[in-house]
Amino acid sequence: MVDTDQAELTFPSVWTRPDLLDMEGLSADEIRALLDTAQKLKEMTGGCRNKISLLTGKTCANLFFENSTRTRNSFSLAARRMGADTVEFSSSGSSVTKGETFVDTAKTIEAMGVDWVVTRHAVPGTPHLLSRELACSVINAGDGPHDHPTQGLLDMLTILQHRGSIEGLTVALVGDIAHSRTARANIWGLSKLGAHVIVCGPPTLVSPRWSELGFEVAHSLDEILPRCDVLNLLRIQFERQSARPFPSVHEYAALYAMNRARMKRAKDNILIMAPGPINRGVEITPEVADGPHSVILEQVTNGIAVRMAALWLTAGAKSNLTT
Amino acid sequence: MQNASPSLLISGGRVIDPSQSIDRIARVLVIDGQIEAIDPADGSIPDHVTHIDATGQIVAPGLVDLGVELREPGFEEDETIASGSDAALAGGFTSILACSSTSPCIDSHGAVEFVRQKAVQADGVRVHVIGCLSKNRDAAQMAELGLLHEAGAVAYSDAPRPMPNDALLKRALEYARMFNLPIINRPNVMTLSEGGIMHEGQVSLVLGLKGLPTEAEDLAVARDVRIAEATNGRLHIGPVSTMGAVDLIRRVKDRGIQITASVCPHNLCLDDTELRSFDARFKVHPPLRSPRHIETLRHAVADGVIDAIQSGHMPRAREKKMDDLVESPFGLASLETTLSTVATFMLGVGSFGWMDIIDRLSTAPARIAGVAGGTLSIGVPADITIIDPNQKWVVDGHQFKSHCVSTPLDNVELTSRVTQTFVGGRRRFALRPDVMQLA
Numbered sequence: 001m002v003d004t005d006q007a008e009l010t011f012p013s014v015w016t017r018p019d020l021l022d023m024e025g026l027s028a029d030e031i032r033a034l035l036d037t038a039q040k041l042k043e044m045t046g047g048c049r050n051k052i053s054l055l056t057g058k059t060c061a062n063l064f065f066e067n068s069t070r071t072r073n074s075f076s077l078a079a080r081r082m083g084a085d086t087v088e089f090s091s092s093g094s095s096v097t098k099g100e101t102f103v104d105t106a107k108t109i110e111a112m113g114v115d116w117v118v119t120r121h122a123v124p125g126t127p128h129l130l131s132r133e134l135a136c137s138v139i140n141a142g143d144g145p146h147d148h149p150t151q152g153l154l155d156m157l158t159i160l161q162h163r164g165s166i167e168g169l170t171v172a173l174v175g176d177i178a179h180s181r182t183a184r185a186n187i188w189g190l191s192k193l194g195a196h197v198i199v200c201g202p203p204t205l206v207s208p209r210w211s212e213l214g215f216e217v218a219h220s221l222d223e224i225l226p227r228c229d230v231l232n233l234l235r236i237q238f239e240r241q242s243a244r245p246f247p248s249v250h251e252y253a254a255l256y257a258m259n260r261a262r263m264k265r266a267k268d269n270i271l272i273m274a275p276g277p278i279n280r281g282v283e284i285t286p287e288v289a290d291g292p293h294s295v296i297l298e299q300v301t302n303g304i305a306v307r308m309a310a311l312w313l314t315a316g317a318k319s320n321l322t323t
Numbered sequence: 001m002q003n004a005s006p007s008l009l010i011s012g013g014r015v016i017d018p019s020q021s022i023d024r025i026a027r028v029l030v031i032d033g034q035i036e037a038i039d040p041a042d043g044s045i046p047d048h049v050t051h052i053d054a055t056g057q058i059v060a061p062g063l064v065d066l067g068v069e070l071r072e073p074g075f076e077e078d079e080t081i082a083s084g085s086d087a088a089l090a091g092g093f094t095s096i097l098a099c100s101s102t103s104p105c106i107d108s109h110g111a112v113e114f115v116r117q118k119a120v121q122a123d124g125v126r127v128h129v130i131g132c133l134s135k136n137r138d139a140a141q142m143a144e145l146g147l148l149h150e151a152g153a154v155a156y157s158d159a160p161r162p163m164p165n166d167a168l169l170k171r172a173l174e175y176a177r178m179f180n181l182p183i184i185n186r187p188n189v190m191t192l193s194e195g196g197i198m199h200e201g202q203v204s205l206v207l208g209l210k211g212l213p214t215e216a217e218d219l220a221v222a223r224d225v226r227i228a229e230a231t232n233g234r235l236h237i238g239p240v241s242t243m244g245a246v247d248l249i250r251r252v253k254d255r256g257i258q259i260t261a262s263v264c265p266h267n268l269c270l271d272d273t274e275l276r277s278f279d280a281r282f283k284v285h286p287p288l289r290s291p292r293h294i295e296t297l298r299h300a301v302a303d304g305v306i307d308a309i310q311s312g313h314m315p316r317a318r319e320k321k322m323d324d325l326v327e328s329p330f331g332l333a334s335l336e337t338t339l340s341t342v343a344t345f346m347l348g349v350g351s352f353g354w355m356d357i358i359d360r361l362s363t364a365p366a367r368i369a370g371v372a373g374g375t376l377s378i379g380v381p382a383d384i385t386i387i388d389p390n391q392k393w394v395v396d397g398h399q400f401k402s403h404c405v406s407t408p409l410d411n412v413e414l415t416s417r418v419t420q421t422f423v424g425g426r427r428r429f430a431l432r433p434d435v436m437q438l439a
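Chains as they are written, first to last, in full-length UniProt numbering: chain A, 1 to 323; chain B, 1 to 439.
Just chain A, with the same shape it has in the complex:
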């Protein structure tokens, strides 16, 4: 463990939230504060590999009511790299399957003495509901198609590390915008820091109402591609769709998959991102996913840094509030 003095990490006065519920509710200054903290924590932990002791004695409960690999492990590692203990919960085989509501399950876990509940749930707003019911900090690890703030933040941290600034960049979110919490987190976060955001996909997955909210809506990836500095390729979320929104996966891939041919029409320094899990051959081809423009694995590493920052800032705000 790296012996780190907490004083090395100054607590940003702009951050007063005991919970991290969504990106839409964050101000630009709050986003910058969290990204700045994440960057410092990444450096303090040697690229998120070493441990520090800022959160020793605290406990983080991961309450995942939906399947997850990267987000759950990322939060667990983030907590442990900060010295906190973790409690892992999955809904399968739990009291939820015996009829207990998720709120009562969360209250039970909280009563065991946890400082954070990190929650993922298929229904939008469940973290907001928990934040009203629980005394501990609540962090949203994805609530249905609504929001996934730490994913949005890690995407933004990755862009920042490559470009130095987000302001003025053109970022296209391509794919299943309708069912994507990552899309919403990116839309709010990127626009607040000054990026031009394009949402791109078939009309059945990209509502025209996004343009009423000030965002560019595009249905042709080929048309917008030359203007883009960043492409974030979102997975088609078949599990959230009640009816197939396009004729076939084959047709979707032909229209929207980022492939070698399309890379030739893109800017030379374009960043290719994907929140994962990626469907090779659907939204992205292997040569692009593994190519020199891809920062997909950097996103994963930055996820730990962002989650460390989220834990530290919410804990700090909580202690300020309670004192």
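Honestly, the hints are just simulated from the structure, not real lab data. C-beta: ideal position from N, C-alpha, C; glycine also. Not one of these hints is a red herring.
Now the stretches of chain A that chain B is said to cover, found in silico as 3 or more residues with beta-carbon under 8 Å:
| no. | segment |
| --- | --- |
| 1 | 100-108 |
| 2 | 140-148 |
| 3 | 203-211 |
Given chain A, work out where chain B should sit, using these hints.
Chain B only, in chain A's frame:
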């Protein structure tokens, strides 16, 4: 145990009766539970009458609700006939139409009789029964409309379920003409609205919540009015919530087609941004729409295109409304806030005044349902509601008489409040001074 032959003299109040175009300070004399006279001669007032001072208040015919879920039998945790009756009285209602959404549903003579007997035992509001439109409410086979009529049903509906079967609706509208009872249908194309939680619009887009598109309601209204026109049947559409529905209803009425429509009070004042809280109190049906729809509805109520206002009371037990937005059912308690909500948010829309409020909440629904009430005419049972138009209060669902505590109006300040309710001349509700919550 009923008190025999109550006699009252209600004096000092502003008597409003749309059925007789009365709006003046007047005395109302009730003898043996019936309206004896408005402004009786002094010499005609018996000595034994109970005097009630209504100075500064409105004296109106009791309110009539076109559709209330009472949930008994089968869902007594949500509401019972007795608790729903108490809630109705506290809201100024003297007659309510009970929906068929029980288990078993009200598709038989015995089921109608059960509700009527329970209502007699509750000894409160007058409970009229809406019989099922389809047997077992499964939209496959017409219910025994004639036998339901014989048992005392006053209307037919599968509400809150819509009738998705076009052919069945057409046959039922034709068949029900024999009994001259209205069919009440909630406009909703379920294949378009399935899984929806809130109004489909910018807010649902941002929140990632599945929407209830306005076209699901508009298309249903279009179908329903066309079938009503073809059959010359008695159709009541409601509650409605969209601009499209209002536009269609206005146009078919202009063509002389005899349909009626109603709206819920919460659809006149709260918009879909309330769901930003992700609070299931705001998960109601029809959903809270966007401000443009609300404005259209308000003007349609004011100009009479929408005939009536119904509470939309859909009580659900507290534990059911504590869950997430998908698991939590649509529902709310609204009987006890309806009058105040309408007064607070509708007075001043166009020339909408108290005469219009009493019409939309009493006279018009009584006429649509074909039930007694909605008037202070001489000789009718003295169903009377007294309202303090100036009393401010803050809604607290936990103070409701309904089993359901969930209301989207929690903590909202309303102006005007029902203070007393009389059914057949008997005072069945009086607001206790200690529960008056002056803002």
